[in-house]
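Novice: Chain by chain, the residues:
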Amino acid sequence: MNLFDYVRPASVAEAVAAASEPGAAYLGAGTNLLDLMKVGAMRPDKLVDITKLPGLEMIEMLDDGSVRIGALVRNSDLARDPLIAKAFPMVAEALLSGASAQLRNAATVGGNLMQRTRCSYFQDPESACNRREPGSGCDALDGENRTHAILGWSEGCIATHPSDFCVPLVALDAVVEIEGPEGRREMPLEAFHLLPGDTPHKETYLARGELVTGLRLPPEAALFSGNARYLKLRERTSFAFALVSAAAALRIEDGKIAEARLALGGVAAKPWRAREAEAVLKGVSPDVETFARAAEAALADAMPSGDNAYKIDLAKRVVTRAFVLAAEGTPQRVPAMPASVFSSDTGVSAHA
Amino acid sequence: MSLSVTLTINGARKDVVLEDPRVTLLDLLRERLHLTGTKKGCDRGQCGACTVLVDGRRINACLALAVSLDGAEVTTIEGLAEGEALHPVQQAFIDHDGFQCGFCTPGQIMSAVGLIGEGDAGTDPDRVREGMSGNICRCGAYKGIVEAVIEAQEKTEKNERRVA
Chain A
1 MNLFDYVRPA SVAEAVAAAS EPGAAYLGAG TNLLDLMKVG AMRPDKLVDI TKLPGLEMIE
61 MLDDGSVRIG ALVRNSDLAR DPLIAKAFPM VAEALLSGAS AQLRNAATVG GNLMQRTRCS
121 YFQDPESACN RREPGSGCDA LDGENRTHAI LGWSEGCIAT HPSDFCVPLV ALDAVVEIEG
181 PEGRREMPLE AFHLLPGDTP HKETYLARGE LVTGLRLPPE AALFSGNARY LKLRERTSFA
241 FALVSAAAAL RIEDGKIAEA RLALGGVAAK PWRAREAEAV LKGVSPDVET FARAAEAALA
301 DAMPSGDNAY KIDLAKRVVT RAFVLAAEGT PQRVPAMPAS VFSSDTGVSA HA
Chain B
1001 MSLSVTLTIN GARKDVVLED PRVTLLDLLR ERLHLTGTKK GCDRGQCGAC TVLVDGRRIN
1061 ACLALAVSLD GAEVTTIEGL AEGEALHPVQ QAFIDHDGFQ CGFCTPGQIM SAVGLIGEGD
1121 AGTDPDRVRE GMSGNICRCG AYKGIVEAVI EAQEKTEKNE RRVA
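Protein chains in written order, with my numbering: chain A, 1 to 352; chain B, 1001 to 1164.
Careful, some of the hints might be misleading.
Unchecked claim - Some, not all, of what chain A presents toward chain B, calculated at C-beta under 10 angstroms:
#, residue
1, Met1
2, Asn2
3, Asp5
4, Gly30
5, Thr31
6, Asn32
7, Val73
8, Ser76
9, Leu103
10, Asn105
11, Ala106
12, Ser127
13, Ser340
As the list claims (entries may be wrong) - Derived DSSO-like pairs: lysine-lysine, alpha-carbon spacing no greater than 30 angstroms straight-line:
#, chain 1, residue 1, chain 2, residue 2
14, A, Lys38, B, Lys1143
15, B, Lys1143, B, Lys1040
16, A, Lys46, B, Lys1040
17, A, Lys46, A, Lys202
18, A, Lys52, B, Lys1040
19, A, Lys52, A, Lys202
20, A, Lys282, A, Lys256
21, B, Lys1158, B, Lys1143
22, A, Lys86, A, Lys52
23, B, Lys1014, A, Lys46
24, A, Lys38, B, Lys1014
25, A, Lys52, B, Lys1143
Derived from the structure by calculation, the hints contain no laboratory data. It should be emphasised that the depicted structure is a prediction, and the values quoted were computed from it without experimental measurement. Glycine included, each C-beta is placed from N, C-alpha and C at the ideal position.
Pulled out of the complex, with its shape left as it was, chain A reads as follows (with noise of 0.2 angstroms):
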């Protein structure tokens, strides 16, 4: 690790302040920071650490029915707020399917938002990687490829976005707050994350200097509480990134679906919103096989970027069985193995 100067700042305005010189970084709790600094991965001159700003834990519904959820809220705690869990069940799920207990214990919002591929040419500083060095190649392209983007991608970087969290918010219209040099600003989550083209290293639309301060949920968003579902497969049972996952919601009304929602996780360098899917599934019966449409159109534009091509089968397979899950309706509490498709008590057939 490369040494750094420290500061904590005592307020937003003097971490962007602080930030906003070349080199800085923020530090929130540094679980995929300090990780990828260990590795040489990322050699910041000064980590402004931000965990001890006032103001930035709180979850709290606003006057308009949204939800403001603070960007120091650390993931185990919002899993576990009844609010969320409550309103808003794949992002309990979804948080709860991601990392390890003692990662969720740490890891805060912001830094969700935050984290970076974990490509492991991005990790290795020894390989090319134009997301890290820019202009100096993408050594998975001819690389350990199979977990790597079918979507979005390009032949500058073929690297997924890791977040399972960012999968539901995307599908359910969050909200970045932002505090910059130039003020404050908002954006919807679904523009944060870039897709690589000709510039991988420009992984958000953050300018130098801005803070991720919060993010809403709008009050839409909890009308999709009762059949709403995260789904993640993955190498492992639990404690491993998505090689697909979905986040897939209904509104039923009268046996048809009024409104769906689908994002998808692990096939882009950002989370990836399904619009078209979504439009399939409007006014119709919720049936597996018009989930499978809705599936075919969700991976339409599909390409593998490597040894990957079985993603796209298998991302259709998520998507269809997340809506059949969805459509039986929010389980009372989150299943033992969140997210998982090894959960024994939903019933659901293993060949959807």
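Once you've looked at the hints, dock chain B against the given chain A.
Specialist: Leaving out everything else, chain B in the frame of chain A:
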């Protein structure tokens, strides 16, 4: 650049001056305070050997900067027993052979104490296994570990009923 940090470790206040901000909580415990019960396994948050409680919550000590935890209360494996009397989780690991080589055991036990404190898993083996998935045991003593955690949970519940 010297940084002063105050931590309460196993009930005792420690004022530490760090000449280097890179020191993790794990390295502070082991190398500066000589509390070597907390183990360094992967040093990347993947194995759980370094699990300690910070303000009552289990975290990976390898992925936390000591300087960032200024003011926190830390409990390590050395702080569990009361004199010669083992903590119920420690006793349960012995009674159920919840280890072989023992290297992961301090982390397993601290994680189990954290899990029981969280109160989400109860005595459901699936929930215990899921809740302990951040702790790897390369000897494969998982069967005994799960039995030990469930027994410790049951004893904790009984004690709580007695107190209530």
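Novice: Evaluate each hint against the coordinates.
Specialist: Going down the list of hints, with the structure as the test:
1. Annotation: interface hint on A/Met1 holds; nearest CB of chain B at approximately 5 angstroms, less than 10 angstroms.
2. Evaluation of the A/Asn2 hint against chain B yields a held restraint, the C-beta minimum of about 8 angstroms falling below 10 angstroms.
3. The interface hint given for A/Asp5 is met, as the beta carbon of that residue sits about 7 angstroms from the closest beta carbon of chain B, less than 10 angstroms.
4. For A/Gly30, the suggested interface contact is upheld, since its CB lies about 6 angstroms from the closest CB of chain B, less than 10 angstroms.
5. For A/Thr31, the shortest C-beta to C-beta distance to chain B is roughly 5 angstroms, which falls under 10 angstroms, so the interface hint holds.
6. Using the Cβ-Cβ criterion of 10 angstroms, the hint placing A/Asn32 at the interface with chain B is satisfied: the shortest such distance is roughly 9 angstroms.
7. The interface hint given for A/Val73 is broken, as the beta carbon of that residue sits about 14 angstroms from the closest beta carbon of chain B, more than 10 angstroms.
8. Residue-level restraint check for A/Ser76 holds (minimum Cβ-Cβ distance to chain B is 8 angstroms; threshold 10 angstroms).
9. Hint status for A/Leu103: holds, given a least beta-carbon distance of 6 angstroms to chain B, under 10 angstroms.
10. Nearest Cβ of chain B to the Cβ of A/Asn105: about 4 angstroms, under the 10 angstroms cut. The hint holds.
11. Look at A/Ala106: its Cβ gets to within about 5 angstroms of chain B, closer than 10 angstroms, so that hint holds up.
12. Taken as an interface hint, A/Ser127 does not check out: its beta carbon lies about 17 angstroms from the nearest beta carbon of chain B, beyond 10 angstroms.
13. Of the supplied interface hints, the one on A/Ser340 holds, with its beta-carbon coming within about 8 angstroms of a beta-carbon of chain B, less than 10 angstroms.
14. Using a Cα cut-off of 30 angstroms, the hinted pair A/Lys38 and B/Lys1143 is violated, with the two alpha carbons roughly 33 angstroms apart.
15. The suggested pairing of B/Lys1143 with B/Lys1040 holds, with an alpha-carbon distance near 23 angstroms, which does not exceed 30 angstroms.
16. Between A/Lys46 and B/Lys1040 the CA atoms are separated by roughly 26 angstroms; this keeps the pair inside 30 angstroms, and the hint holds.
17. In summary, the hint linking A/Lys46 to A/Lys202 is supported, as the alpha carbons are separated by about 20 angstroms, within the 30 angstroms threshold.
18. With a C-alpha separation of about 27 angstroms, the suggested pairing of A/Lys52 with B/Lys1040 holds against the 30 angstroms cut-off.
19. This hinted pair checks out: A/Lys52 and A/Lys202 have alpha carbons roughly 28 angstroms apart, not beyond 30 angstroms.
20. A hinted pair counts as satisfied when its Cα atoms are at most 30 angstroms apart, and A/Lys282 with A/Lys256 qualifies at roughly 8 angstroms.
21. Taking the CA atoms of B/Lys1158 and B/Lys1143, the gap is about 23 angstroms. The hint holds against a cut of 30 angstroms.
22. The suggested pairing of A/Lys86 with A/Lys52 holds, with an alpha-carbon distance near 29 angstroms, which does not exceed 30 angstroms.
23. A C-alpha spacing of about 26 angstroms is found between B/Lys1014 and A/Lys46, which places the hinted pair at or below 30 angstroms, so the restraint holds.
24. Distance check on the hinted pair: A/Lys38 and B/Lys1014 sit about 26 angstroms apart at the alpha-carbon level, within 30 angstroms; holds.
25. With a C-alpha separation of about 40 angstroms, the suggested pairing of A/Lys52 with B/Lys1143 is violated against the 30 angstroms cut-off.
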